[in-house]
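S.K.: If you read the sequences in order, they're chains V and X.
So in the UniProt record's numbering, spot 13 of the first sequence is number 13, and the numbers just go up one at a time.
So in the UniProt record's numbering, spot 467 of the second sequence is number 467, and the numbers just go up one at a time.
Nothing false has been slipped in among the hints.
Distance condition first, Cα-Cα at most 20 Å in a straight line; then the derived EDC-like pairs of lysine to aspartate or glutamate:
| hint | chain 1 | residue 1 | chain 2 | residue 2 |
| --- | --- | --- | --- | --- |
| 1 | X | K308 | V | E186 |
| 2 | V | K316 | X | E423 |
| 3 | V | K131 | V | D104 |
| 4 | V | K410 | V | D229 |
| 5 | V | K388 | X | E897 |
| 6 | X | K46 | V | D30 |
What follows is a set of in silico ranges between Cβ atoms, one per label pair, in the way DEER data are often shown:
| hint | chain 1 | residue 1 | chain 2 | residue 2 | range |
| --- | --- | --- | --- | --- | --- |
| 7 | X | P773 | V | R226 | 19 to 25 Å |
| 8 | V | N353 | X | K491 | 52 to 58 Å |
| 9 | V | T331 | X | G404 | 48 to 54 Å |
| 10 | X | Y536 | V | K193 | 52 to 58 Å |
| 11 | V | T11 | X | G404 | 52 to 58 Å |
| 12 | V | R226 | X | F850 | 36 to 42 Å |
For the chain V half of the interface with chain X, some residues (derived, Cβ under 7 Å), not all of them:
| hint | residue |
| --- | --- |
| 13 | V48 |
| 14 | Q50 |
| 15 | P75 |
| 16 | F199 |
| 17 | N224 |
| 18 | L227 |
| 19 | S232 |
| 20 | F239 |
| 21 | L269 |
The set of hints was computed from the structure by calculation and includes no laboratory data.
These numbers were taken from a predicted model, which means no experiment stands behind them.
Where a beta carbon is used, it is the ideal one built from N, C-alpha and C, also for glycine.
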Amino acid sequence: MIHSLFLINHTGDIFLEKHWKSVISRSVCDYFFEAKEKAVDPENVPPVLQTPHHYLITIYRGKLFFLSVIQTEVPPLFVIEFLHRVADTFQDYFGECSEVIIKDNVVTVYELLEEMLDNGFPLATESNVLKEMIRPPTILRSVVNTLTGSSNVGDTLPTGQLSNIPWRRAGVKYTNNEAYFDVIEEIDAILDKSGTTVFAEIQGVIEACVRLTGMPDLTLSFMNPRLLDDVSFHPCVRFKRWESERVLSFIPPDGNFTLMTYHVSSQNLVAIPVYVKQNISFFETGNCGRLDITIGPKQTMGKTVEGLMVTVHMPKAVLSTNLTASQGNYTYDLATKVLVWDVGKLNPQKLPNLRGSLSMQAGAPKPEENPSLNIDLKIQQLAISGLKVSRLDMYGEKYKPFKGVKYVTKAGKFQVRT
Amino acid sequence: MSVYIHSHMDPASDVHDDLKEMLDSNKDSLKLEAMKRIVAMIARGKNASDLFPAVVKNVACKNIEVKKLVYVYLVRYAEEQQDLALLSISTFQRGLKDPNQLIRASALRVLSSIRVTIIVPIMMLAIKEAASDMSPYVRKTAAHAIPKLYSLDPEQKDQLIEVIEKLLADKTTLVAGSVVMAFEEVCPERIDLIHKNYRKLCNLLIDVEEWGQVVIINMLTRYARTQFLNPNINEGGGGEKTFYGSDEEEDEDEEEKEKKPYVMDPDHRLLLRNTKPLLQSRNAAVVMAVAQLYFHLAPKAEVGVIAKALVRLLRSHRFTQFTYLFSHLYVSQGMFEPYLKSFYIRSTDPTQIKVLKLEVLTNLANETNISTILREFQTYIKSMDKDFVAATIQAIGRCATNIGEVRDTCLNGLVQLLSNRDELVVAESVVVIKKLLQMQPEKHSDIIKHMAKLTDNIQVPMARASILWLIGEYCEHVPKIAPDVLRKMAKSFTNEEDIVKLQIINLAAKLYLTNSKQTKLLTQYVLNLAKYDQNYDIRDRARFIRQLIVPTEKSGALSKYAKKLFLALKPAPVLESPFKDRDHFQLGSLSHLLNAKAGGYQELPDWPEAAPDPLRAQRGGEGVCAGTFDLCFPFSSEQSSEEEERKHERKSKPRKSDSESESDEEEESESESSQSESEDSESEAEVKKKKKVMIHRKRNRYRKKPYGAAESKPPSKPVKTESKKEKKEMSLLDLDDCEFFSSLALKNYELLHRITGEGLSVEYCFSRQPFSPDGNMVAVQMQFTNNATSDTKNLHMEDVKLQSGMRVKEFPEIELLPAGETATAVMGIDFCDSTQAANFQLCTHTRKFFVSIQPPVGELMRPVFLTENEFKKEQGQLMGMNEITERLTLDVKCRNEHAIVQRVTTAANLSRVPCGSDKECRFAGKTVTSGSLVLVTVATKEEGAAQLTVNCEKMVIGTMLVKDILLALTQ
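Can you build the whole structure from these sequences, using the hints too?
M.R.: As structure tokens, this is what we get:
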């Protein structure tokens, strides 16, 4: 399975290595550097590389490469998924997953890696179990640690792995018992020039934050579960109950976790919250072009569209822009040729508009294609698919928990072709 | 003491002196600080081996934090400092006896990680002991230690296999994944060890941790390939290969009649059924593992279930998407068609992904969707990413070759691209057009002419060369233009690139042969130019061609054949995917991805010719498969609900057998005692206890005798009463388990009474499941019961009489229905949105019965999901003639929302539309054949008064639906 792991930063320095079997020289990474050089963009580095004696499987997360060395056959997705889990764990422990943070917490990181794999095979990857063995750093604790000289290793031995429910530790206690669920939906869409939907679907996720004493058994039911076309669950969810009754029945992990992700298929009509009227044109002569974008509400279900933002990747020939925005600010990055218009809240009475001229490099031919617009937006208190949580019941514990559900709709990969 | 040590150290390690001092101090905090710095050094890849003596002393340190870090150090450096490492062994040996299971486990873990050959016997002993430890966690660690010891000393294999065998029998989920991992690394060839544990592994699977699931599923895929028969055997040889066959579907029925029907081994079915829920896992690796299992093991009709899950992976992490795309290219045909749009490309995708998505789109293209795909391709061609544009043009070329109907359209499109301003685009188009034209040159001489004109403008050598080749090859189709092109080329010959020069020579030679009158001089001129070219390749070619085509006295026999040599008919090139030819590897494996066998790759065996039957008897464990059903029919609802129930029971079991686990969250009332150890055959006691379950089982048990000895059912029981009882029992069961009766009970209709049917009775219901072979058909689930005393054979349908436009997909023939048994089958009927009956004959080997199925109007639709706004919008468009409104008084029992929803959805296959007001219930559906919207609104008022509104473009449907719903709500 996984033989070694190297963490490599953006510039190509190996700043951490960990071996689960015999040590493999870091020169093995040279093959990777070669591929990286060739790919130019880090996103384009092939995730699986073959070298004479090893295979290198890499993920790119937070400007870091997680490079694992494999010697024998193993499903590549297994390794990739695991590496992502490692990155997720770092994120969970330290709040972010960056070179500085990893270097600052190198001992904790090393201990985590030690626990997560044994002989290259995943051992403990559940954050609850890990947190019992290795405590995440907090400001308070790091102060205490420097004073007393103790570290992050738990001094009592964990019990988590021994329970039936590996994702939940025993003996959880809270004074305020609360369970919050965030239903977050993202609209992935491609609209064509005329504004008709080429493709649209909704990706939803239910993020939970559960702080409940003891071993609560929760049941979350929906008003309209048949809406969900495809679902995937946290291992805690009892699949049988979902199959038969369309309710989520589970013993929750302690703290934050992703309860389920779902998909509302493109077969159903997906409500598109905004429409975009755009006119981008480049002239044959005069080395200039014109841009005019107006955004208005379409199917917002009576809610306000916030955080509206338009990103345009301009053709290389566009040198500068001279635009006026009726609302919000715009910036044009000369190096990356990215125009960002931060609109903010969408006011249906006074539609935001951005217009003006684009000046082009002299002599450059007129660009073939108009750049497409990427839209970002947010609508609070609305799940655009219409999904509604009807109730949350708790069994197994006597107290009354505080419950809450929040809905948010965001734009995912929302692109308007022009 | 520290002072003495550093005196004999070399200067390079002086920097570590302070660390040694700290390690030697008696303060834990100093030791800890030192260890932290050392571990940080290791992490950075700095050498800290000289500290070994100082560190190893602390292995027995009381402080748990220091100890942990010392372990980290030890595992890293023990291999290099074997002698010193031995000093620590006794500490671990002590640890192995510790009362705390975690200390035992961690001692074993570190001990087995120290790669020092001398301690092999100690490790072996430790593993053996730990394998029978009462803590499952320690046993798990033992399983992990097995491959470590094996890699250290392969001689120990036999002893290790014994341990593996023991651990395989372990019933805890914690151990299962790890021991299978050990099995795969140490003795993957010992498939016989799995027999006994097969069913247990299948049943534990859902509760095993994610990583273990992947390993187990992969192993079971291999196992199943050696133990079961190919489920697609009746579909004309070779499982996966025919999977791609697209028109296979139609012939299926006929073939099945001819051949002996295939009956799936219940254990095979068990595996498929138990892995299916894992398609819903959050872990991409698990989903992929299940997908490959289905791909390699499932009957082809069922493989489709993986498509949805795989498309989900596509949307997750970017890298996941990348690798996975690669591997699923070969699954892509057909199955992914409904998800076509998920592969549409965004301008922000990285080039690699764009190209892969393009590949998928190209593979998915067929006659029906090609126009959509081409329209989509058209947008891609305008992209700024030129590599991607080039790939798109190639994709268009491939679509054009694969789908004859659009060849001309594609060609025209590509010809238009020839006037594109970007040279790369033009060049790529020329190359693709050249390939396309080669297929039917005679029809396209105007395109060749057009391309000839392009030689004036196009500068890309490859494109110029392609054009010249094309003109040369088909010079007979453009007799006037060709010499002129040669003339122009001769003029610019010296400035051309080498490949262009070579093609000019070719063109000259071909023209010389066909039209020597006009071109003789030109050819001579070109050959003369070539003779003095700098490139020897060109000089050679010129000399060769001159000898061949220009008749001289000395010219040999070859020149007679010059025309044949140059103008031989060349086969059209096959435009094919660059990702071809890797389907012999297990899907989703590293080898599959790289298209090269990786070390340790286990070949996926071919299906056996005949099932190794005797082995099946060994497959013991949880006594799963006692109930055998007709597994050919996946829709049989009783069977699955029953299975679910049993699975549910079993699920709780391993946990309970685990002595350490106290908190058990299962809220089942099932008594534990029923799950005693002797489960290979179901005990008599168990049968009694689960009488209600048994009733189901008996009904389904036909065709095969069960493993368990418990039942010998009298064959002739009054089935009518039994099935009534059955219905009642169903409702007593925990609703969890009735998978297919999820939201509402389906109404059963009688097709054939047992008296008219001379013992054969048939009931049918509209299962409301999509009928997979044809989306426009309504699925009808039929249940055959043989109440006679003799067996019924060859149950099939014949002589279907239908109104025009209606179609029927017959259910597969049931070879044998033994006396007293029941079978289910699914057929599809396209009613053309009418309530006309479908008449046909139901035939057995002796008799024929005329029967007919008439659908209630409510079954002619399928639910669609609309939002409130969409509903209102759609309703607004279906006013006037299309709207029917009725006032009614609700039945007393039906005055709450829940009851209304219940009754309406029972009466018609509609789905609920979310609604802000609680006074209104809305439902929406589409008719199955034409897809016309059906909108139903029930608005309630005071005292049970209500108003029913149906909006539907098809007025007949609307009127009938109003009647039916009215009836449902008022009675």
